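Chain order of the listed sequences is B and Y.
Positions 1 to 254 (the working numbering) are the ones given, in order, by the first sequence.
Positions 255 to 537 (the working numbering) are the ones given, in order, by the second sequence.
Honestly, the hints are just simulated from the structure, not real lab data.
All figures in this text were calculated on a predicted structure; none of them were measured in a lab.
Some hints could be false.
Just some of the chain Y residues that point at chain B, by a computed CB distance under 8 angstroms [to be verified]: (1) His285; (2) Ile287; (3) Val342; (4) Ala348; (5) Phe350; (6) Glu352; (7) Ala354; (8) His371; (9) Trp491.
Computed Cβ-Cβ distance ranges for the label pairs, DEER-style [unchecked claim]: (10) Y/Pro492 to B/Arg162: 35 to 41 angstroms; (11) B/Gln9 to Y/Asp375: 53 to 59 angstroms; (12) Y/Glu504 to B/Val169: 49 to 55 angstroms.
From the three backbone atoms N, C-alpha and C, an ideal C-beta is built for every residue, glycine too.
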Amino acid sequence: MTSLRQHLQRRRLADFFILLLALVVVWQIASWLVGDEIVVSPAETIAQIGVLYRRPTFWGHFDATLLAFAYAASITIVLGLGLGISLGISRAAYDTCEPLLMALASLPKVTLYPVILMFFGVGFSAKVVFGVLHGVVPITLFTMNAVRNMPAIYARVARLHRLSARDRVLHMLIPAVLPEIFSGLRLGLSVTLLGVVLGEMFASTRGLGSMLMGAIGLADFRTVAAVTFMLIVLATLLSSVMLWLDRRLHHGAK
Amino acid sequence: MAVPQPVGVLPEIHAECRDLVRNFGGIAGGHVIEAMGPITLEIRRGEFFSVIGPSGCGKSTFMDVLAGLTPPTSGTVTFEGLPVRGTVPDGVGAVFQEDASLPWLNVWDNVAFSLRHDGTDPAEIKRRVDEAVAFMGLRQFAKAYPNQLSGGMRQRTCIARTMVMRPRMILLDEPFAALDAQTRLLMGDELLRLWRETGATVVLITHALDEAVMLSDRIGAMSARPGRFLDIVETGWPRERDSSILARAEVGAVSSRLWGVLREESQKALDQSGRLAAAREGS
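Pulled out of the complex, with its shape left as it was, chain B reads as follows:
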């Protein structure tokens, strides 16, 4: 059993590296075909990351993005789960809010930019709000759908064992819908990061997004490629950590 699991883990790891290698090869071919000035090659991107790491200003931008993301992620999780659970519990609230949230999910958040800037100005708050705006809708939607579709038998078990309202939420509802919540969190936190970076691009002078805009303005495609690559790695790491946590917490339910 253990050896089979180890074999599957090794196979999964091997598949991941094969996919990674294939992506690098495609990237390199695209760079040869289109030109190194537009599609910077993988090797030069990595070299540029090395250059950025040695620049003292880079770490200021990097820390600013991480800090804004930490704030945005915390607010997004609390708000998304709170809204999702409250709206999911009540059928009337679900029926009323679900179409509105779906509409909000498909709305390009950039259209709300002027409003956010008017309220929060240029700086830290605006990019946090922009991140929250991106992440809170998918987390709320996933959570409320999970709560709404929770198997009715769990509610009967809760009534049978006379659980208090608090225990129903903490020990029945949340564990029962946690796999779906984690799917929402994975998606929601990825787009929260996207929202923070977008916020930095247009409403901040600090952070990786702002750095990216500066590089675009100077036609410094190597820095653009390096920062984009770092953001992809950051988002992938975030998603992998969430997946790992999901499996750790829920290995029995799968």
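Using the hints, position chain Y against chain B.
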């Protein structure tokens, strides 16, 4: 183990239903579905009572009302002399037809679930859960998760979760419906053992005639919807019994009497479901 009733002494009434009716729908002038009733029934302390009837006759609704999981439309239910109305009374446990094991908890934690929310002392929880897990033959699987168990084992986990609460009345709603015939017989033996050793009153809802006949002291045969008791048959089986009782000649007589009542009702239930399907197609 419960003491057999001495001759001449009336058995003690454990739960009682008087003119019990449960309807569904009818909100804002909508169509009312009469699920069951009126039902008047006395369930004796320590007996094994089975409810049998055609599909959709309101057996599960009867259990829900008896357990306090849903309130009756009219009529009364009492358990140990106290009224039951939409809240599960202390001393009543239930096992459902659906798999009610909690997939995020292992077997041991599933069994401990109810006690942990009951303010029971941790040492007492450990003692009772270990005992119930061993009783249901799950000791080897205590750390396994429900998805690693067979349907029968998951149902045993749910029975153990009910058992640790030490209920004085256990209600079982077709707990073995999803199991194969052989496993059902074996689970029936386990259930009889549980009933004997706990001394609890057991009310079993089933649609399997042989299961009801093999397990019960009394069997209530229900009509097609709205379900009412048409006949209550006393089997007269000894308390010490198991699935081998099926070989006895009297089993045939009990089955035949029940089938005599149920045959026409099952046909009515079939006609009802056919009419419902036709109405759905027509609308």
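For this structure, which hints from the list above don't hold up? 1, 2, 9 and 11
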